[in-house]
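Q: Here is what each chain is made of, one letter per residue.
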Amino acid sequence: MITFESVTKVYDSKAQPALNDISFTAEAGEFVFLVGASGSGKSTVIRLVLREEVPTAGRIRVAGKSVVKMPSWRVPYLRRNIGTVFQDFRLLPNKTVFDNVAFTLHVIGKTRAAISTLVPDVLETVGLEGKHKRYPHELSGGEQQRVAIARAVVNKPAILLADEPTGNLDPITGDEIMEVLQRINRAGTTVLMATHDGDIVNRMNRRVIELSNGRIVRDDEHGSYGVSA
Amino acid sequence: MRFSFILSETWNGLRRNMSMVVSVILVTFVSLLFVGAAALLQMQISGMKDYWYDRVQVAIFLCPPDSEAPTCATGEATAEQKQQIETALEGADLSPYVEDVIFEDKAMAYKLFQEQFEGTSLEGSIPEDQMQESYRVKLADAEQYEIINEYFSATPGVEEVVDQNQLLDRLFSVMNVMTAIAIGIAGIMLLCAVLLIATTIRLSAFSRRRETGIMRLVGASNMFIQLPFVLEGVIAAAIGSLMAALGLAVIVHFGVAGWLQSQLASFDLVSVADVALIAPFLVLVGVLMAGLSSLVTLRRYMKV
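Residue numbers (my numbering), protein chains in the order written: chain A, 1 to 229; chain B, 1 to 304.
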């Protein structure tokens, strides 16, 4: 589902590459943790998958398409197939829970009828039934992240990218969010999650790719957070 | 569905940026007011040219009995001298330039004089036998006055050659200077409008970067993200240009048709109908300017 082949990314300002010749494949339906210290290149991987950046060298395939050669007018269609969740939720403060989730569907041109069935469904999936009229500031951090997840998956994307989704949450709330992510993964969505949270990685016992200074130093099928840094 | 979504986004942007939008409207209004004024001045000039060049002629005034001009040393122009002038005008040298010649005798000059000054104290002030005879020459090309002037200014029996177009040319050159000034101001104001629109769009894009960021993330097409911003600029500029058209109509209606026409009764001045003619052009200029400058701005400041 996601394939990196000898990918190198050099930002202009830095002498040292953000990513240095990394290769990995995440199969459809897999749950992959991306771990490593700050600045190890986790976020760059996420940005490359979203085609917010283009690699300096190497090939990237996402959902069967070459991302590098993709003309820019096709990028939005790629992103409709990828859900993204961030540490800071990125909700619209002046829209209700329902409207925040519906925003995605408006933007890609879904009909009102489709929106009125899809949104309640996904709010139930993430455990927010009955809160669709609330505003983000009336919700706890965990609930806000659930809204963000609902927004990311309402269009039923093949891939869900999560960049430190539990970074702003306490451990118990973080576990609840992991529950939600696992539920989405079980439904067939490939999940790629960048995280610092060792406890969560250890408990989940899923595939772990560790980055250090832009290189993959470890790729374990059932890994732990580890201490190889 | 999507269209109403875009419209509501546009409306939100207009509301949030009200003061900037108002300034875009005003700058567009002023700049297009000058563009329109320049256009109207040129319309006035070409209208007058069409009208007057058809009528105004070169007048070859013949010597009256007591003229002091050197060519009139022999006294009043004789029949022989008149014959010479007529022959010259019809001759191979001049006939290509001359469209028509009328001999204005004293009776005709008197009649025209009386008509022109009808009701004033000048009416009847000069007796018919003191009127000056002249040849009224209509040129094929009104600009070729010099040829006639050079040919006849030294001819015996001719007191003076007068190009009546010259009077108009002076007026036209004043109007052309006014046009140039109007275009200069319009150019500067249009540049202001372009820069202001660019700034407004940047500000608007910045204040809505959260929305646009999410839109990008969930796969909104570029056009979908940018259209509300472009529409914002275009709507503001369209309002400004409509105001400019309206302003010109008001100025022409009260200023030109109302006041100036009463001062210059014999002139055919621009009317509100002329404003209606240039109004769509003004709106088009405003809309294109706003659309292009916001597109260019967005291309520079909003990445895919």
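Watch out, some of these pointers could steer you wrong.
[To be verified] Computed, partial: chain B to chain A, Cβ under 10 angstroms:
hint, residue
1, Phe-206
2, Arg-210
3, Glu-211
Source of the hints: derived by calculation from the structure; they are not laboratory data. Remember, predicted model here, so these are calculated numbers, not experimental data. Glycine included, each C-beta is placed from N, C-alpha and C at the ideal position.
Q: Now tell me if each hint is right for this structure.
A: Evaluated hints:
1. Annotation: interface hint on Phe-206/B violated; nearest CB of chain A at approximately 16 angstroms, more than 10 angstroms.
2. Below 10 angstroms, beta-carbon pairs count as interface contacts, and Arg-210/B has one with chain A at about 7 angstroms; its hint therefore holds.
3. At about 6 angstroms, the closest approach between the beta carbon of Glu-211/B and any beta carbon in chain A falls short of 10 angstroms, and the interface hint on this residue holds.
Violation of the numbered hints given earlier is confined to hint 1; every other hint is satisfied by the structure.
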